[in-house]
Amino acid sequence: MKPKRNPDVIWRHEQRREQQLLEAAERGEDISEGGTVILVVNGTMHQLNLLGGEIWRRCDGETELAAIVQEIGAEYEVAAEELEQDVREFLVDLQQRGWVTDA
Amino acid sequence: MREQNTLLSAPLTFNWTLSFRCNFSCSHCYSREEQVPELSLAELKQVVDILRQKQVPFINFGGGEPLIRPDLYDLAGYATAQGLNVSMNSNGWLLDAGAAEKVKAAGFKSVGISIDSAEAGLHDEFRCMPGSFDRATAALQHLASAGIRTTMSAVISRINFRQFRELLQLAREHEVKQVYLHNFKCSGRGFQNREELDLTPEEWKDFYREALEVKQETDDLSISFDDPVIASLPGYDADPLVKGSSCGKLSLHLRPNGDITPCGFIPLVVGNILRDDFDTLWNESPLLLKMRTKEAKGKCVGCGAYEDCLGGCTARAFAETGDFSEPDPHCWK
Chain C
0 MKPKRNPDVI WRHEQRREQQ LLEAAERGED ISEGGTVILV VNGTMHQLNL
50 LGGEIWRRCD GETELAAIVQ EIGAEYEVAA EELEQDVREF LVDLQQRGWV
100 TDA
Chain E
0 MREQNTLLSA PLTFNWTLSF RCNFSCSHCY SREEQVPELS LAELKQVVDI
50 LRQKQVPFIN FGGGEPLIRP DLYDLAGYAT AQGLNVSMNS NGWLLDAGAA
100 EKVKAAGFKS VGISIDSAEA GLHDEFRCMP GSFDRATAAL QHLASAGIRT
150 TMSAVISRIN FRQFRELLQL AREHEVKQVY LHNFKCSGRG FQNREELDLT
200 PEEWKDFYRE ALEVKQETDD LSISFDDPVI ASLPGYDADP LVKGSSCGKL
250 SLHLRPNGDI TPCGFIPLVV GNILRDDFDT LWNESPLLLK MRTKEAKGKC
300 VGCGAYEDCL GGCTARAFAE TGDFSEPDPH CWK
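Residue numbers (numbering that gives the first Met the number 0), protein chains in the order written: chain C, 0 to 102; chain E, 0 to 332.
Source of the hints: derived by calculation from the structure; they are not laboratory data.
Every residue gets a Cβ at the ideal spot worked out from N, C-alpha and C, and that includes glycine.
One thing to keep in mind: the hints can contain errors.
So, partial list: chain E residues that the calculated Cβ filter (under 10 Å) puts toward chain C [what the hints assert, rightly or not]:
{"hint": "1", "residue": "T5"}
{"hint": "2", "residue": "N84"}
{"hint": "3", "residue": "A145"}
{"hint": "4", "residue": "I147"}
{"hint": "5", "residue": "T150"}
{"hint": "6", "residue": "L220"}
{"hint": "7", "residue": "S221"}
{"hint": "8", "residue": "S223"}
{"hint": "9", "residue": "F224"}
{"hint": "10", "residue": "P239"}
{"hint": "11", "residue": "V241"}
Short, incomplete list of chain E residues facing chain C, as computed with Cβ under 7 Å [to be verified]:
{"hint": "12", "residue": "S8"}
{"hint": "13", "residue": "Q54"}
{"hint": "14", "residue": "P56"}
{"hint": "15", "residue": "L286"}
From the derived model, a few chain E residues whose C-beta atoms are all more than 12 Å from chain C [stated by the list, open to error]:
{"hint": "16", "residue": "D95"}
{"hint": "17", "residue": "Q177"}
{"hint": "18", "residue": "E202"}
{"hint": "19", "residue": "E209"}
{"hint": "20", "residue": "E212"}
If we strip away everything but chain C, and leave its shape as in the complex, we get (with noise of 0.2 Å):
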């Protein structure tokens, strides 16, 4: 599967907040809710969290789902088996929203 974005949600990464949830999440601080990526659909406005925007972020249409788990792993040092679930089910509901396609 190559995930790639719907063009019609306009997003934005926000770098500035990412930093801080990291650097947050270094204190040992929950930072499960905090967005790191804007999308605003239909005139609505959502937030993916820290692991939710590193997926959205690499949705471009050409990066295999395998290589979005493997650069998350390494960016994160997770293991790539303990990711794959969780990318693919928040994938899977980005695709129920209609917010991403298989290229």
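For this one, chain C is given, so just place chain E on it according to the hints.
Below, chain E alone, put in the same frame as chain C:
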């Protein structure tokens, strides 16, 4: 300080008043009495360049009447070419078939037409412009024929709060995809005419209860409100991107001379987009910091809804009391 700590890198939307000039003279208008110099097209394009650099994704042209400026199409086309998503709100008077084609060519994503009553006479009277209802509905048809997504905006006031369902039906008849039921703001002429136009807090509560119910039952039309005072009511989206007023957090307003204000209804200038460093204004403006870090005052102290509404509409509180942190005068609690 939560809101300031989670502040976005830039607004998502700039509501942009290109001119305070208008071909109408509405009873509730916030800007009718305003007069400031307007930027040239070259300067307006410089503003677009700044917005693109700051990754602001949305521009919404308002007014005054945006179509009063004939260079609107050039500017919108320039912004669209830079990757921005452009929309506008218009009274529709100048939107004939030819104009609709120009709107399409300029790349507008959507156009909102202001219609305050499904009853032509009432709309015309409120807008102080005979024939304006027919021109507004014709504009919706011209835009639809040109393939432009349309929205409809109504300012809720004493003249229409009991007939909002008729407005929704009117929207359906004209292929409108989204209806904005805007809350009445006591700014400009709206402040002068507030006794005649504004609802009581209890009436606002009843209106919103009913409108939120209708919104939940409606799936063929998107119904939007922009009023933080409803945060305590059933049916309200419990997880907005920011709480309280979104002005100064998700959006800013540009005046015709490039001055930035938190929103169109708060006439306090944060700085000028062409003269000042935007990041400094956005991150450090004392005015914006104050709006983002309101503290409960008066009846808001100890109120269970405060965490979600943050005192309601900052513009209304400011218009009535001169203090951002005072309770929203529309609050029924």
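Hint check:
1. T5: holds, 7 Å
2. N84: holds, 6 Å
3. A145: This interface hint is violated because 19 Å lies over the 10 Å limit.
4. I147: For E/I147, the interface hint is violated, since the closest Cβ of chain C sits about 15 Å away, which is over 10 Å.
5. T150: With Cβ-Cβ at 9 Å, under 10 Å, it holds.
6. L220: violated, 12 Å
7. S221: holds, 7 Å
8. S223: With a minimum Cβ separation of about 7 Å from chain C (threshold 10 Å), the hint on E/S223 holds.
9. F224: Hint violated; E/F224 Cβ to chain C Cβ min 12 Å, cut 10 Å.
10. P239: holds, 8 Å
11. V241: Holds - the Cβ of E/V241 comes within 10 Å of chain C, reaching about 9 Å at its closest.
12. S8: holds, 5 Å
13. Q54: With a closest approach of 6 Å, the E/Q54 hint holds.
14. P56: With Cβ-Cβ at 5 Å, under 7 Å, it holds.
15. L286: Since chain C brings no Cβ nearer than about 21 Å to E/L286, farther than 7 Å, the hint is violated.
16. D95: holds, 27 Å
17. Q177: violated, 7 Å
18. E202: The claim holds: E/E202 sits with its nearest Cβ about 27 Å from chain C, beyond 12 Å.
19. E209: holds, 22 Å
20. E212: holds, 19 Å
Consistency note: the structure conflicts with the earlier hints numbered 3, 4, 6, 9, 15, 17.
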